[in-house]
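Visitor: Each chain, written out:
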Amino acid sequence: MSVLQTLVDAIALGLVYALVAMGIGLVFGVMRLVNFAHGELITAGAYALMLTNHLPLAVGLAACFGAVVVLALAMETAYRPLRTTTPTTMLVTTFAVSFLLQAVALLAFGARGQNVGVLSELNRAASIGDLRIRWVTLVSIGVGAVLLAATALVLARTDIGLQMRAASMDAPTAQLLGVRASTVIRFAFLLAAVVAAAATVLLTVQRPLVTPSYGFQLVIPALVGVVVGGMDRLVTATLGGFAIGFAAAVLGDVLPADGRVFLDSALFLLVILVLLVRPGGLFGRSRAAWERV
Amino acid sequence: MPEAVLAIRDLEVRYAGVPAVRRLSLEVARGEVVGLVGPNGAGKSTTLLAIMGVVAPHRGEILLAGRPLGGQRTEAIVRSGVALVPERRHIFPELTVEENLRLGLVGRRSREGAGEDLDRVAGLFPVVRDARHRPAGVLSGGQQQQLAIARALVARPQLLLLDEPSLGLAPAVVDGVFDALAEIRAGGVTILLVEQRAQFAVGFADRTHVLANGELRLTLTPADAGDTERITAAYFGS
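Line by line, the protein sequences are chains A and B.
Per the working numbering, the first sequence runs over residues 15 to 307.
Per the working numbering, the second sequence runs over residues -13 to 224.
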């Protein structure tokens, strides 16, 4: 496999992980809450696609986005009482919600993988010169790049985006200016849901067997990416997600076939090394003394 | 006496059961500037935080234009017309000056006239126009203070709360800030001013209350600005 082919695959997987990481980062930014149940949004979207795979594609996509958005807004409502609690309480609660939702999925759909079977034709390869690239890789790069840019635009150019950025930098001051915490938190969950739903569609094309722990297994490396990138800023968290996806794809190609069972071990070893050298994250920066007198 | 924009009656605020403000009563009439001075821990900033709904009063009530603020969330209090310039400015250093200013508009009930208000504060503080695309964190302390005041003014408040506007600023810069406050006052804005530099506040405000240990000890007028002994005695409770 050529280096270029590996790079293209790595960029595609990196962008999908970046979407997942961005969703986690959006919620963390305004609520200081690491939502471990973010993966269950992806699981819900995947089951919605699976349940509607006999219907027209548009209906399936609407069901996927609808399920993810409704579940995200339900999570936002459930987490409201946590806003004034300690980070530990918040963290443990999101773990509980994650396992609760996995148990519900287990009861509803069983432990065996269910085939989503949507957009599977995107797994066919296209030839570009010597490269043979699956269409889903190209679509992932396109959709990932567009969604990241669109989210950046919403945050940079709209009033609600400005309020979100202010709340994530200094929530008490933002409130003193009239920023409604409930509004920005709900909007963060909504944005995270839309991005998670898009990531779900891309992921289920490549990994069509959905199980109750489908999203959870994806969120753990994405969360690691968020930490590696630097979770205090959305840009670095998203870059961290991209880096972890990119590294996973590259390691997957570089490791010999019988060594791929060690992919996760190799990835986490890399993470440990990065955090030993840069404890604040790969893309984090030391806070400058902003205030001048 | 004109209508009281702010009335505080028998206010008591406690932190972990310990009173920080004790039985405080004061009024600020429309267009008036009232000062609050006192040593560290006197309860000045706590009083402002109670008005903003950040800390809940243990006793007493706070009325804005006759309507009680008790139990309202901070965002609602801001929308009813109270703007705070917090101690140490609390601008958003990574946002541009313009974005910081736009955040001030969030507290308005209506965006009508927002353009004119932005122009007005740019006239008062040219730095908000000249540096509008620069990160606010690169401004000097005095410029950041101007931005913080401008941000509060674009909310078009009926009551402006200023918490230590001179803190950390060089004397010449403080003069500039108070010149701007004089212009704001001339525009009819009602101000409650918390200030460590007592003589500045006493000389500037229509009335200045001296707080010590959470209690109102004395009320001074501009004529008392030179009476250092009286101010010092009130500070130290003698």
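Since the hints were made in silico from the structure, they are not lab data.
If you're wondering where the values come from, they're calculated on a predicted model, not measured in any experiment.
Where is the CB? At the ideal position from N, CA and C, for every residue including glycine.
Incorrect hints may have been included.
Non-contacting residues of chain B with respect to chain A, defined by C-beta distances greater than 10 Å in every case (computed) [stated by the list, open to error]:
1. R8
2. H44
3. G52
4. P54
5. T60
6. E61
7. R65
8. E80
9. E85
10. G90
11. E98
12. A141
13. G189
14. R203
15. R216
16. T218
Listed below are several chain A residues computed to face chain B (Cβ distance under 10 Å; list not exhaustive) [to be verified]:
17. R94
18. L152
19. M183
20. D184
21. L191
22. R247
A short list of chain A residues far from chain B (calculated; beta carbon distances all over 10 Å) [to be verified]:
23. D144
24. L145
25. P186
26. Q189
Visitor: Next step is simple, just say for each hint if it's right about the structure.
Guide: Each hint, compared with the structure:
1. R8: Check passes; 25 Å lies beyond 10 Å.
2. H44: Answer for H44(B): holds, closest chain A Cβ roughly 19 Å.
3. G52: Holds, because the least Cβ-Cβ distance between G52(B) and chain A comes to about 21 Å, which exceeds 10 Å.
4. P54: holds (19 Å)
5. T60: Given a closest Cβ separation of 5 Å, the condition is violated.
6. E61: violated (5 Å)
7. R65: Nearest chain A Cβ is 6 Å from R65(B), so the label is violated.
8. E80: violated (6 Å)
9. E85: Violated: least Cβ distance 6 Å, not greater than 10 Å.
10. G90: The claim is violated: G90(B) sits with its nearest Cβ about 6 Å from chain A, within 10 Å.
11. E98: Non-interface label stands for E98(B): nearest chain A Cβ at 16 Å, farther than 10 Å.
12. A141: violated (7 Å)
13. G189: Answer for G189(B): holds, closest chain A Cβ roughly 24 Å.
14. R203: holds (28 Å)
15. R216: R216(B) clear of chain A: closest Cβ-Cβ about 31 Å, beyond 10 Å.
16. T218: holds (27 Å)
17. R94: violated (13 Å)
18. L152: violated (35 Å)
19. M183: holds (5 Å)
20. D184: holds (6 Å)
21. L191: Holds. Min distance 5 Å.
22. R247: holds (9 Å)
23. D144: holds (45 Å)
24. L145: Non-interface label on L145(A) holds, nearest chain B Cβ at 40 Å vs cutoff 10 Å.
25. P186: It is violated; P186(A) is separated from chain B by about 8 Å at its closest Cβ, not greater than 10 Å.
26. Q189: Incorrect as stated: the minimum Cβ-Cβ distance to chain B is 5 Å, not above 10 Å.
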